[in-house]
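Undergrad: Sequence:
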Amino acid sequence: MPITADGLQRLRDELLTLKERRREAAELIQQSREDSPGARDEGDGNETKNEQAFIEGRILEIEAVISAAEIIDEQEIQGSDVVRLGSTVTVRPMPKRTDVDYRIVGPAEVDPKNGLLSDESPVGKALLGAKVGDTVEVATPTGVRKFKVKAIS
1 MPITADGLQR LRDELLTLKE RRREAAELIQ QSREDSPGAR DEGDGNETKN EQAFIEGRIL
61 EIEAVISAAE IIDEQEIQGS DVVRLGSTVT VRPMPKRTDV DYRIVGPAEV DPKNGLLSDE
121 SPVGKALLGA KVGDTVEVAT PTGVRKFKVK AIS
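My numbering applies: residue 1 is where the sequence shown begins, and numbers increase by one.
Treat the hints with care, as some may be off.
Claimed, not checked - Each computed EDC-like pair below joins lysine to aspartate or glutamate, with the alpha-carbon atoms no more than 16 Å apart:
#, residue 1, residue 2
1, Lys-113, Asp-101
2, Lys-146, Asp-99
3, Lys-131, Asp-101
4, Lys-19, Glu-61
5, Lys-19, Glu-56
6, Lys-96, Glu-137
7, Lys-125, Glu-137
8, Lys-148, Asp-134
Said to hold, decoys possible - For each label pair, taking beta carbons as the anchor points, the in silico distance ranges come out as:
#, residue 1, residue 2, range
9, Asp-81, Asn-50, 47 to 55 Å
10, Gln-9, Glu-120, 19 to 27 Å
11, Asp-81, Glu-120, 19 to 27 Å
12, Arg-23, Val-144, 49 to 57 Å
Calculated from the structure, these hints are not laboratory results. Computed from a predicted structure; not experimentally measured. Even for Gly, the Cβ is constructed at its ideal location relative to N, Cα and C.
Construct the entire structure; sequences and hints are all you get.
TA: What follows is the structure, encoded as structure tokens:
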């Protein structure tokens, strides 16, 4: 699974945080059992168990991504004249007059609010292979959107 070095580090950091949260949740569950030996699966205990299940699922997901990770070679991207996986691309959504920066990433590190777009998303797919000066079209539920490529880094 292709991933940037930054994306891999973010996942490793999240994994450490989740493992700490898992330990804390286990301690809370144990404490709840000790405080109320006769009570089972009630109130806050259920919430903690649900959180623990979520944490376990996310840990498994992150570990799978990390084990399958193929780090994108940043050196290959530098100086490329076309948008590639790992590229940061400045585009101008037409007909607007303001530019937007996106980084094209693999699905494991998508974060649209922070400008990280999947290479599998409609905009990401349209931008792959584009050059500075190209205008790409993206079919969306609200109609076709156009983006003019202003810079690639």
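Undergrad: Does each hint fit the structure? Answer for all of them.
TA: Verification of the supplied hints:
Annotation: proposed proximity of Lys-113 to Asp-101 holds, straight-line Cα distance about 11 Å (limit 16 Å). Between the alpha carbons of Lys-146 and Asp-99 the distance comes to roughly 13 Å, so the proposed pair stays at or under 16 Å and holds. For the given pair, Lys-131 sits about 15 Å from Asp-101 by alpha-carbon distance, which is consistent with the 16 Å threshold. Restraint check for Lys-19 and Glu-61: the C-alpha separation of about 13 Å stays at or below 16 Å, so the hint holds.
Between Lys-19 and Glu-56 the CA atoms are separated by roughly 9 Å; this keeps the pair inside 16 Å, and the hint holds. Restraint check for Lys-96 and Glu-137: the C-alpha separation of about 15 Å stays at or below 16 Å, so the hint holds. Among the hinted pairs, Lys-125 with Glu-137 is consistent with the structure: their alpha-carbon atoms are about 10 Å apart, no more than 16 Å. A distance of roughly 6 Å separates the Cα atoms of Lys-148 and Asp-134; the hinted pair therefore holds under the 16 Å criterion.
Restraint check, Asp-81 to Asn-50: a C-beta distance of roughly 50 Å satisfies the suggested window 47 to 55 Å. At about 22 Å, the beta-carbon gap between Gln-9 and Glu-120 stays in the expected band of 19 to 27 Å. At roughly 23 Å, the beta carbons of Asp-81 and Glu-120 sit within the given window of 19 to 27 Å. At roughly 50 Å, the beta carbons of Arg-23 and Val-144 sit within the given window of 49 to 57 Å.
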